[in-house]
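K.L.:
For reference, the chains in residue letters:
Number of protein chains: 4
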Amino acid sequence: MPYTIQMFENHPSVRSQPIEHYAACINAMHDCAEACFSCADACLSESDVQMLARCIRLDLDCAEICSTTASILSRPSMAAPEIWAAQIQACVTACRACAEECERHAAQHAHCRICAEACRNCERACNDALRLMRPQ
Amino acid sequence: MPYTIQMFENHPSVRSQPIEHYAACINAMHDCAEACFSCADACLSESDVQMLARCIRLDLDCAEICSTTASILSRPSMAAPEIWAAQIQACVTACRACAEECERHAAQHAHCRICAEACRNCERACNDALRLMRPQ
Amino acid sequence: MPYTIQMFENHPSVRSQPIEHYAACINAMHDCAEACFSCADACLSESDVQMLARCIRLDLDCAEICSTTASILSRPSMAAPEIWAAQIQACVTACRACAEECERHAAQHAHCRICAEACRNCERACNDALRLMRPQ
Amino acid sequence: MPYTIQMFENHPSVRSQPIEHYAACINAMHDCAEACFSCADACLSESDVQMLARCIRLDLDCAEICSTTASILSRPSMAAPEIWAAQIQACVTACRACAEECERHAAQHAHCRICAEACRNCERACNDALRLMRPQ
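Protein chains in written order, with this note's numbering: chain A, 4 to 139; chain B, 4 to 139; chain C, 4 to 139; chain D, 4 to 139.
Bear in mind the hints are in silico, worked out from the structure with no lab data behind them.
Every residue gets a Cβ at the ideal spot worked out from N, C-alpha and C, and that includes glycine.
Wrong hints could be hidden among the right ones.
[As the list claims (entries may be wrong)] Examples of chain A residues lying across from chain C (beta carbon under 10 Å, computed):
1. Ala43
2. Asp44
3. Ser50
4. Val52
5. Gln53
6. Ile59
7. Glu67
[Said to hold, decoys possible] Cβ pair distances, simulated, as ranges:
8. B:Ala109 / D:Arg137: 51 to 57 Å
9. B:Arg134 / C:Arg107: 37 to 43 Å
10. D:Leu135 / C:Ala110: 34 to 40 Å
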């Protein structure tokens, strides 16, 4: 995303350092939200939709959580680090659960395979961000 | 909210039992999101807005997190209890931080006093919901 | 919702007058979002889920739009009336489409019947709000 | 965003054609939401925050609307074209109002200048998408 780093560099009081890592995390969240919303919609068009009900539900949980976590991290002044940590932790949990479910359907449905990849990528970026926050 | 309980009663596979407690939690989240968004907007109209910057930021964090947590709980099939637990925990953290900040301005600004009340109410409802989930 | 009116009464610069009507509209949006998210989840548990795919999609569209429109209206300073009008119009459109689809399944599924009611109620409240905005 | 096009290509029933244009529109919305949320947070750290109150409000309106519109378009089955049209129209309205306000502060604040650019970019992408929908 072209603006994330630029906006952080021109913010008068950024506390979420190093910005490249947090920006990468925000981007991974948007990508994951996007993939999850689309995967849920694709699942609804499949003939085995009944088998995919849990996948759709986790796609929606994960998409909404990623989207909100990205909004929180878009306030790089980081008003309350404990909110960041708890919300990123919820994001890790959602990404992992959704990835595990999507991986079960990856052989049958390419959209599940791609979505699992987006979830694992976001899970990793969130875990990196959590590690950065710990010494604070 | 008139529909929450009705919808849960007519859902084929509700796992979030007892529904009254989860419905109360959802309602507290919507109330809190509402109060927080309005408090942020009211703060922006105050002459001491610079003193209220952290309050506005926490209002926005809390509003967005409450709103998303309500969406997750509106899927009472509870596809992944660990997502519920982590997201409700993030909601508790946001409500507590926002309440503490709003309480600092409660004497000067009625909207901060009311908002703190909504946050404390939601924090309590979330903690009740977390307790209900533990034995599962 | 207990806080909406109180928050508006304690806001230094409310432009969304009369507040009772806007507060009623916000409440109808939260109720509708709630019903739509739950209806989508209930549909996913039905044996005829394939017949309900469009219903689930419109439930999600309507829930997300109602929730965001409620957030916009929770800033009663109304920074840009044209944004309010366009967003409330999108909300009317979503509520109407979702109600029509849910009404088709109302005889088979109580959750669709209740959800249609919530949508029609929100559609009405939004149309009332749009009428109030016109003379401005 | 790496996944948007891939997901659309692997969706069983995409009706939002041509997908490249809709994918570009989704990406512009995520970029704009990101810039607006960050701009609001940056404004809150400025010494002339009182002058920026309207800018912060429009940033929030625009960010939330862009984010929700991106979610709607992430269901490329396009269950109700009229919802897409109305929501994209609301997005155009929000982007234009936010861009105009940010442009007023562009000389003083680089974050407002960049945010205005993101808004104008999104406004253009939305208008392109609306044009594509018209013949349908």
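K.L.:
Indicate, hint by hint, whether the structure satisfies it.
P.N.:
Do the hints match the structure? See the list:
Among the interface hints, the one on Ala43 (chain A) holds; its C-beta lies about 8 Å from the nearest C-beta in chain C, closer than the 10 Å criterion. Because the smallest distance between the Cβ of Asp44 (chain A) and any Cβ of chain C comes to about 7 Å, under 10 Å, the interface hint for this residue holds. Interface hint status for Ser50 (chain A): upheld, as the beta-carbon distance to the closest one in chain C is roughly 8 Å, under 10 Å. Residue-level restraint check for Val52 (chain A) holds (minimum Cβ-Cβ distance to chain C is 6 Å; threshold 10 Å).
Proximity of Gln53 (chain A) to chain C holds as hinted, the smallest CB-CB distance being about 6 Å (cut-off 10 Å). Checking Ile59 (chain A) against chain C: minimum C-beta separation of about 6 Å stays under 10 Å; hint holds. Given the 10 Å rule on beta carbons, the hint for Glu67 (chain A) holds: about 9 Å separates it from the nearest Cβ of chain C. Judged by the Cβ atoms, the range 51 to 57 Å given for Ala109 (chain B) and Arg137 (chain D) holds: they are separated by roughly 52 Å.
The supplied range of 37 to 43 Å is met by Arg134 (chain B) and Arg107 (chain C), whose beta-carbon atoms lie about 41 Å from each other. Our hint of 34 to 40 Å for Leu135 (chain D) and Ala110 (chain C) holds, since their Cβ atoms are close to 37 Å apart.
No hint from the list above goes unmet by this structure.
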